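Using UniProt numbering, you'd call the opening residue of the sequence shown number 1 and step up by one each time.
Bear in mind the hints are in silico, worked out from the structure with no lab data behind them. Remember, it's a predicted structure, so these values are computed and weren't measured experimentally. Glycine included, C-beta positions come from ideal geometry on N, C-alpha and C. There's no promise every hint is true.
Unchecked claim - Cβ pair distances, simulated, as ranges:
hint, residue 1, residue 2, range
1, N240, V117, 28 to 38 Å
2, S220, R123, 35 to 45 Å
3, S270, D216, 33 to 43 Å
4, E193, D216, 27 to 37 Å
5, D318, N169, 44 to 54 Å
What the hints assert, rightly or not - DSS-like, lysine-lysine: derived pairs with alpha carbons at most 30 Å apart:
hint, residue 1, residue 2
6, K284, K227
7, K349, K51
8, K82, K349
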Amino acid sequence: MGKDLNDFDLPPVNPNSNLEDVGSREVQEEYSIIVEDEHLQARGSLNLDQKSAFDEIMRHSGTAQLIRDARLIIWDEASMAKRQAPEALDRTIQDLIGNRLPFGGKIIVMGGDFRQVLPVVRRGTQAQVVDSTLRMSPLWSAIKKIPLTINMRASTDPWFSEFLLRVGNGNEEMVANNFIRIPDDMAIPYNDERNSMDALIDAVFPSLQINEAASDYIVSRAILSTKNRNVDDINDELINRFCGEEKVYYSFDEAQDDTSNFYPIEFLNSITVSGLPPHRLRLKLGCPIILLRNLDPTNGLCNGTRLICRGFQQNVIDAEIAIGQHAGKMVFLPRIPLCPSEDGMFPFKLNGSSFQFV
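My request is simple: use the sequences and hints to build the entire structure.
Written as structure tokens, this is what we have:
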């Protein structure tokens, strides 16, 4: 009590110093940052998928300029995407354009039906799945909703359209425990696993050996399944029915930074990750394949593009695009490095090299 600054042993103040020339320490530290070094350090901490997005949406990149010039952006099946995806797009466009309106003031058309498949939350509860949807996003209140009530694809089959609506709205009569009965003319009778699979393939691909060279026949048919194991079994049986030359490709898998070899190669090869082809990829000339990634959208190589195998090389596959405006174009599909982005699925990062189709 009763002391002043002269009672403390403080460093002397230079009376000749100009305080206007002394800036804030935080400001000086910001000015001292080397942007190029920070850029490299930030990029080095990302996985392959994140690096790809980082490089594509740099402020001065061609993709960034394309977003600035776009007058309309269409997002199909937005109801299946986790809400973090459109929120990330919103922040990215705002940053690129410098406009703090939702999506930077751009017109975004999103299509989707929340009665269909919702976003996949690994081991998530119903509440977590609902919370991951676009409807729970702060962006939802800024979106204008336009209901579409006519099923254009099934316009010639009104009974089927009404059946889908009853199922989607939860109005279809239930047999027991939330199960509904599929009409007999829409189902393959189940006898045993083998015979039922053969009957399903025969129903979807009748006279396959006669029509396997017809591109229109091949790409106008598909069998969907909920589990990778069933997909692999059906694909293997279908490949058996093609008569062309056969080629088997194997992926190259490794655990990132596993210098002590804790994870054997055999174990890594046995892992099947959603969205990636199996370790053993069996193909035949003339068989259809579907891309799993956007390799070259400008030339028609997008996620979901259907192609037909036309030739095999050691690390490249010759294929023909079978659908869309690029139908008939020959392309080359190489092996590329892969790093699944499913964080938390394994106690390690799985790296590999494989093809991007099934």
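Hinted pair, alpha-carbon criterion (30 Å max): K284, K227. Please report holds or violated. Distance of about 23 Å is within 30 Å: holds.
Assessment of proposed distance window 28 to 38 Å (beta carbons of N240, V117): holds, 30 Å
For the pair E193 and D216, does the Cβ-Cβ distance stay inside 27 to 37 Å? Because 31 Å falls inside the window, the suggested range holds.
Given the proposed pairing of K82 with K349, does the C-alpha separation stay at or below 30 Å? Between K82 and K349 the Cα gap is close to 22 Å, so the pair holds against 30 Å.
Just to be careful, I want the Cα atoms of K349 and K51 compared with a cutoff of 30 Å; is the pair within it? holds, 15 Å
Confirm or reject the claim that D318 and N169 have a C-beta distance inside 44 to 54 Å. Since the Cβ atoms of D318 and N169 sit about 47 Å apart, the hinted range of 44 to 54 Å holds.
May I ask you to test the hint 35 to 45 Å on the CB atoms belonging to S220 and R123? Given a distance of about 37 Å, which is inside 35 to 45 Å, the answer is holds.
Verdict for S270, D216 (Cβ pair) under range 33 to 43 Å: holds, 37 Å
Checked against the numbered hints given earlier, this structure breaks none of them.
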